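One line per chain: the protein sequences are L and C, in this order.
Residue numbering for the first sequence follows my numbering, beginning at 1 and increasing consecutively.
Residue numbering for the second sequence follows my numbering, beginning at 1 and increasing consecutively.
Zero decoy hints are in this set.
Which chain C residues stay away from chain L? Per the calculated CB distances, all over 12 Å, these: (1) S2; (2) S14; (3) L32; (4) D42; (5) E218; (6) R221; (7) R251.
Label pairs and their calculated CB-CB ranges: (8) C:Q12 - L:N192: 35 to 43 Å; (9) L:D12 - C:R164: 21 to 29 Å; (10) L:R260 - C:A195: 58 to 66 Å.
No lab work stands behind these hints, which were simulated from the structure alone.
Keep in mind that this is a model prediction, so the values were computed, not measured.
A virtual CB, placed ideally from N, CA and C, is assigned to each residue, including glycine.
Here is what each chain is made of, one letter per residue.
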Amino acid sequence: MQTADKPYRFPDARGHFGPYGGVFVAETLIPALDELNAAYEACRNNPAFMAEFEYELKHYVGRPSPIYHARRMSDALGGAQIYLKREDLNHTGAHKVNNCIGQALVARYMGKPRVIAETGAGQHGVATATVAARYGMECVVYMGAEDVKRQAANVYRMKLLGAKVVPVESGSRTLKDALNEAMRDWVTNIHNTFYIIGTVAGPHPYPMMVRDFQAVIGKECLVQMPEMTGRQPDCVIACVGGGSNAMGIFHPYIDVAGVRLIGVEAYGEGLESGRHAASLTGGTPGVLHGNRTYLLQSDDGQIIETHSISAGLDYPGVGPEHAWLKDSDRAEYVGVTDEEALAAFHNLCHLEGIIPALESSHALAYAAKLAPTLPRDKILLVNLSGRGDKDMHTVAEKSGIQF
Amino acid sequence: MSRIQTVFQSLQASGRRALIPFITAGDPAPELTVPLMHALVDGGADIIELGVPFSDPMADGPTIQRASERALLNGMSLRKVLALVSDFRATNSDTPVVLMGYANPIEAMGVDRFVAAAGAAGVDGALVVDYPPEECEAFARALKAGGMDPIFLLAPTSTEQRIREVATIGSGYIYYVSLKGVTGSGALDFNDVAARMPQIRQGVGMPVGVGFGIRDAESARRIGEVADAVVIGSRIIEEIENSPRDQAVARVKNFVEGVRAALDQIQGAPR
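Build out the structure end to end from the sequences listed, making use of the hints.
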């Protein structure tokens, strides 16, 4: 096993996290990525830019998000104490908006009046449409035709916010196809267009840039946990699809000794069933969407279709930094099934009066497994990355209810 | 000397341009791929670019993506593509075959195994769309050691420095992408290509093929005025798509003949 360097300093100048990450794109995109890289370097070293980012997070998003001690849930489990980082209370209802504001500000710095995005369930699309409205930018969101049908409410939300939603009919007509189509738009309209990628994947500098914008989550926790509990947590737990909420809460904790970092993947109908979305625990390394990372693929290197009850985790790859944290043993990766996530969803509703997103319910489900095995003075910090309003339809359907 | 170099030398000696058509292996059916390759040669192709289908062809437009999807539905894989090249080599030992595709199927096979298998099958070069020079130094070295050419793309936006980098790591020829966007895109700016070509050709010191956006004999001729080679992909895929299965081979040959005739009207070296 390789070990992560201390202090942790990844990626390298070309975007590599050990063997992962990098810039695996056609030549036509290289100049655009070089331009973005230079612009992002300038922005993150510019105090005025960072001050504006922080101002927007405070006054528009409502940060810092609180940490909540889920006492009834902890008592019911009878073990470690569960604390929730309340990203569900952000404007637009999830962590996604942190990154969208950051990238929209970079787009504005670069003088690009048009932003595009890919979306699966529609959360990143809604967050992008929101910030595009906020900054007066033209917005086009690519969404798989299947997802457009399944997520009508989010499609309408994006339209209300002034975005154009383009249904993608190619391939499996889901998230990965929307991503392919957004890349095609970008390569064609590079002169006026900024591509806001929603997760810590894609070619460098995206995995690093998205991580940096999401790291506000973990930075706040570093301050809030000692205030609330007198110390840092024993474990930080987050769900992993592409991995942006997990990377955001993990990254500031990488150099904090004694804190276990646990990423929870979607096992769907079970890892053995083959119908899951667990790239790290069920996949192998390969190259997709501009980076080298763990992928769900066939023996001859074709990307295979994934399954999860949570559309936000339904992606065949994962951010390259997670691949590196896995190989270097700094983070652990596990999974829970659709059924386990649903049970955790209902438990949080009943015990704490919080309706979590199905994505976040995966992290809650693993915390519920882990807590009873640990003494009551141990602390689990769970990233409650989003709220579940968007999932009413899916959960109701599972219970045999039609609206 | 490699088959690719031999082809360009003899074309240059006679003042002709290389015609490089593209088809996707396994489209519309695996059993038609080798007959289509022979038809391309009979119609006047000098080099064949053979697409290796991939589930997520990010740099391609809808036409080539559809070809990829059809090929995958037909059970095509990198291993089977190499078997088709072997079949083609049974009766053609002169026409270079360049595989064009994406990194993941190659990495899934393993670079060393791929290089050995491709060399044995009679492949002459590989263009891996999502392997820019900085990410594939080892791959390019292995390919060259196996007697094959690593072919790279250059774009209208490529800087002087990148042109030099590509020239160092690449061999065989350079594929110049004539417009921004993906394969099969619309408007091709001839003046733009003509203005850029002398700098690119001089910068790389090897033949330059131009592709993306060339749709007929006339656009091929105009590009041929300024380039060493003309690459046509999406337009041929459309010909295959729009033909009844039993006529696809004949219609592709006919289309390629038209382009060949137009290219052969060009007099002298590229301007």
